[in-house]
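Peer 1: Here's the letter readout for the chains.
There are 2 protein chains.
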Amino acid sequence: MRNRQIFLKPEEIPRQWYNILADIKINPPLGPDGNPLSPDQLAPVFPMNLIEQEVSTKRWIDIPDEVMDVLSIWHPTPLVRAYNLEKALDTPARIYFKNESVSPPGSHKPNTAVPQAYYNKEFGIKKMTTETGAGQWGSALSFACCQYGLECKVFMVRISFDQKPYRKTMMAAWGGNCVPSPSMSTKAGREALELNPDTPGTLGIAISEAIEAAVADESGQTRYSLGSVLNHVMLHQTIIGLEAKRQLEKVSEYPDVIIGCAGGGSNFAGLAFPFAYDKIHGKNVDIYPVEPAGCPTLTQAPFVYDHGDTAKYTPLLPMYSLGHTFVPPPVHSGGLRYHGMAPTVSQLVDEGVFEARSVTQSKSYAAGVLAARTEGIIPAPESCHALALVVEEAQKAKEEGKEKVILFNWSGHGLLDLGAYEAYFSGNIKDIELSQKDLHGSEKVYEDYPKPQHLKSV
Amino acid sequence: MRNRQIFLKPEEIPRQWYNILADIKINPPLGPDGNPLSPDQLAPVFPMNLIEQEVSTKRWIDIPDEVMDVLSIWHPTPLVRAYNLEKALDTPARIYFKNESVSPPGSHKPNTAVPQAYYNKEFGIKKMTTETGAGQWGSALSFACCQYGLECKVFMVRISFDQKPYRKTMMAAWGGNCVPSPSMSTKAGREALELNPDTPGTLGIAISEAIEAAVADESGQTRYSLGSVLNHVMLHQTIIGLEAKRQLEKVSEYPDVIIGCAGGGSNFAGLAFPFAYDKIHGKNVDIYPVEPAGCPTLTQAPFVYDHGDTAKYTPLLPMYSLGHTFVPPPVHSGGLRYHGMAPTVSQLVDEGVFEARSVTQSKSYAAGVLAARTEGIIPAPESCHALALVVEEAQKAKEEGKEKVILFNWSGHGLLDLGAYEAYFSGNIKDIELSQKDLHGSEKVYEDYPKPQHLKSV
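Chains as they are written, first to last, in our numbering: chain V, 1 to 458; chain L, 1 to 458.
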């Protein structure tokens with residue numbers, strides 16, 4: 001019998017996260033005065049123990065036992081050899097994927113939701129607020145808060161809220177309270193609705209609302225949580241790549257190609273960073289973040305300083321950005337509709353360590369259906385983007401006659417996104433490709449900000 | 001760190017199914033003439049290799065390599081120590097569950113869908129037809145047919161079809177074709193609609209439609225598939241209990257109490273039969289099938305000969321039955337809305353080896369939400385019924401101060417049943433308890449049939 005799933009023993013689960021800031025330089029976040037931000041300035045938004053992680057340059061950071069205990073509900077996640085997909089593509093490539101869909105909320109997101117909830121609890125916080133796009137993140141934080149007895153409020157981008165009514169129920173099952181964004185309960189929300197009462201919402205607006213709701217709690221017992229972009233989020237996600245590395249070692253493999261979809265960058269970074277460490281230190285491996293052609297941050301936008309949210313509550317972050325006012329077209333992969341990108345991921349794209357790619361929706365759903373019919377799991381629309389490039393790379397390996405090892409992140413399942421599949425099956429998926437020309441309008445918003453330096457870590 | 005999930009190594013996965021017919025006697029199925037059915041009479045409906053399994057009394061039956069290869073997409077399934085649930089219930093009981101929700105379709109159903117599709121393929125069949133209640137079984141067979149390149153047509157009970165529009169899309173993702181039942185495409189469907197154009201449908205009618213559609217194919221290349229009730233289905237599901245036994249051995253445990261929800265009986269039997277073997281041979285263990293109070297087959301109906309479907313296409317089976325014309329109230333747990341029960345399970349209830357219990361919907365959802373908030377996974381409405389009894393037994397253990405070991409089957413997740421949770425949260429779940437008096441009308445349908453003997457295996 002072929003050994004399809006590669007497991008780790010409980011004692012082989014990584015007990016430390018990998019912090020890429022030990023190995024690369026990034027431009028510092030800037031405060032409203034244009035000067036580098038001090039940790040204290042973040043204190044109203046995040047608990048200090050997480051802020052310390054955010055700025056840490058220590059290479060290995062211990063995973064607390066109380067976090068590991070909750071992660072062990074679904075970790076170690078399987079590494080799977082995609083025999084059937086290989087066969088369907090008739091490729092000499094050996095394809096492996098990390099199956100992050102096995103978590104209770106169905107994606108990689110709880111890898112960081114759980115430690116974030118834990119550190120907030122440790123710091124004495126009672127309630128967390130956040131935003132969510134597709135709903136994966138809001139579900140994950142609801143689940144995590146429930147594990148530690150915290151309250152959770154989620155602002156969900158309206159178009160996703162309407163497209164996926166069951167996400168709200170899922171969060172409610174874990175005690176979370178999910179409302180559509182923009183809402184009338186925050187200044188940022190009211191302003192967005194005034195500007196455009198029919199707005200589909202954006203992650204940028206929802207982030208503003210969630211930050212405002214956290215800071216406005218005068219008891220000081222509420223904090224905000226972000227599911228992507230920030231350094232500590234990328235840190236927590238490295239459990240994916242660290243596990244994958246150990247699992248590949250068990251079958252004496254090392255990847256030639258690494259692929260993950262990228263919205264804010266967290267599932268991609270989680271898989272890629274432990275391998276990026278090797279690349280920074282001389283190893284030869286191709287690493288591709290994949291984004292939708294309808295929200296092409298890394299492939300079409302410039303590397304600038306910009307805000308992470310529409311109301312400019314966040315510091316200026318050094319990142320590829322479509323502009324904090326950018327309203328992405330209503331593509332179904334809600335998790336990939338963000339205007340910016342994690343500074344750490346942006347830095348490594350700017351340096352050429354990662355090579356960004358974009359794919360259209362129809363191509364990504366076609367790959368997703370092929371994956372469902374071969375490997376069984378119905379992928380999240382976000383994961384379909386990674387799969388589209390996997391298919392392309394496997395076909396390239398065939399043309400070149402090369403036995404490449406391709407590793408990708410199956411970041412989540414699509415069981416709450418079947419409406420998007422229904423649209424695909426009935427021919428109602430539109431391919432939107434935005435070019436630099438289309439994006440000129442929103443670019444202006446960061447024209448007057450300082451410009452990040454082109455640093456060289458490698 | 002506590003060891004929450006107990007895995008098996010790939011080489012420890014059971015390579016044979018356990019056939020309980022080696023250890024118990026059952027009344028034979030009867031043909032239209034009232035005489036015991038010959039295997040040949042089933043040939044238009046099932047392929048001969050499965051009919052041979054249906055009547056086999058060999059104790060151990062090899063799992064073919066080609067079946068094991070597909071099962072290995074999600075097997076071995078984790079056995080989980082429910083530490084958090086134990087803590088919430090403050091019970092001295094140690095609670096373990098088999099997590100069957102990790103399969104691509106999200107339940108235990110593919111454990112039999114995969115071998116059934118395989119044996120059909122081996123026999124030269126090109127297309128399979130079936131019925132589905134909640135949609136779990138139709139999804140599982142669509143998935144399985146896809147793995148072996150077979151066509152799949154699914155008749156879905158209309159009330160579930162309407163309540164869960166995404167089930168159809170899920171089946172389509174695997175290439176399955178799902179239509180609501182009763183449909184106009186079969187005689188059985190047309191008759192049911194004539195009788196009551198607004199019928200919510202029943203599993204009994206849907207089975208009739210699927211059998212008719214299979215037999216009507218003049219090419220002889222279509223066969224019918226049943227997701228529960230039959231002996232070979234129970235056989236295939238024993239992988240659950242066999243794995244669980246080995247996993248418990250790893251932590252030196254043996255259950256005092258075994259619990260599974262029961263509609264047609266397959267997930268319950270899958271977990272229970274390998275332990276029933278021990279009980280038959282002298283071991284002391286309490287084994288409880290749990291059904292909804294709104295469809296109380298084992299707890300309120302008599303042990304009789306009855307048809308498995310409304311149009312009386314199936315043989316007469318010895319089972320507890322509410323009557324083949326019984327239309328269960330629209331309780332949400334579609335998978336538990338069947339009028340009959342597997343003959344093997346019925347036999348062991350009649351003998352007193354299993355002790356049937358029933359629970360109301362509100363009690364089962366309350367237990368389901370508690371389980372989601374502690375163990376993370378949102379249970380299928382069916383699994384909530386098992387959970388309700390687990391909660392009761394854990395509380396009893398607390399009252400008695402006993403360190404009992406409780407094992408139950410978490411047969412599936414509820415991610416496609418969130419509409420039912422939404423109804424529960426908004427107070428729209430009605431508790432229906434049917435008594436023997438309510439059931440008198442439908443009882444009459446089997447009054448003229450032969451009566452099964454009360455056999456004694458133990």
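Don't take every hint at face value.
Copies of the same chain are indistinguishable here, so a pair counts whether it falls within one copy or spans any two.
[Said to hold, decoys possible] Straight line, CA to CA, 35 Å or less: simulated DSBU-like cross-link-like pairs of lysine-lysine: (1) K404 / K279; (2) K279 / K250; (3) K398 / K126; (4) K404 / K9; (5) K87 / K398.
These are calculated hints, taken from the structure and not from any lab test.
Peer 1: Each hint: holds or not?
Peer 2: We went through each hint and held it up to the structure:
1. K404 / K279: within (17 Å within a copy, 53 Å between copies)
2. K279 / K250: Close inside one copy (21 Å), not across copies (41 Å); limit 35 Å.
3. K398 / K126: Between. Shortest inter-copy distance 31 Å satisfies the 35 Å Cα cut-off; intra-copy 54 Å does not.
4. K404 / K9: This pair counts as both: shortest intra-copy Cα distance 27 Å, inter-copy 28 Å.
5. K87 / K398: within (12 Å within a copy, 54 Å between copies)
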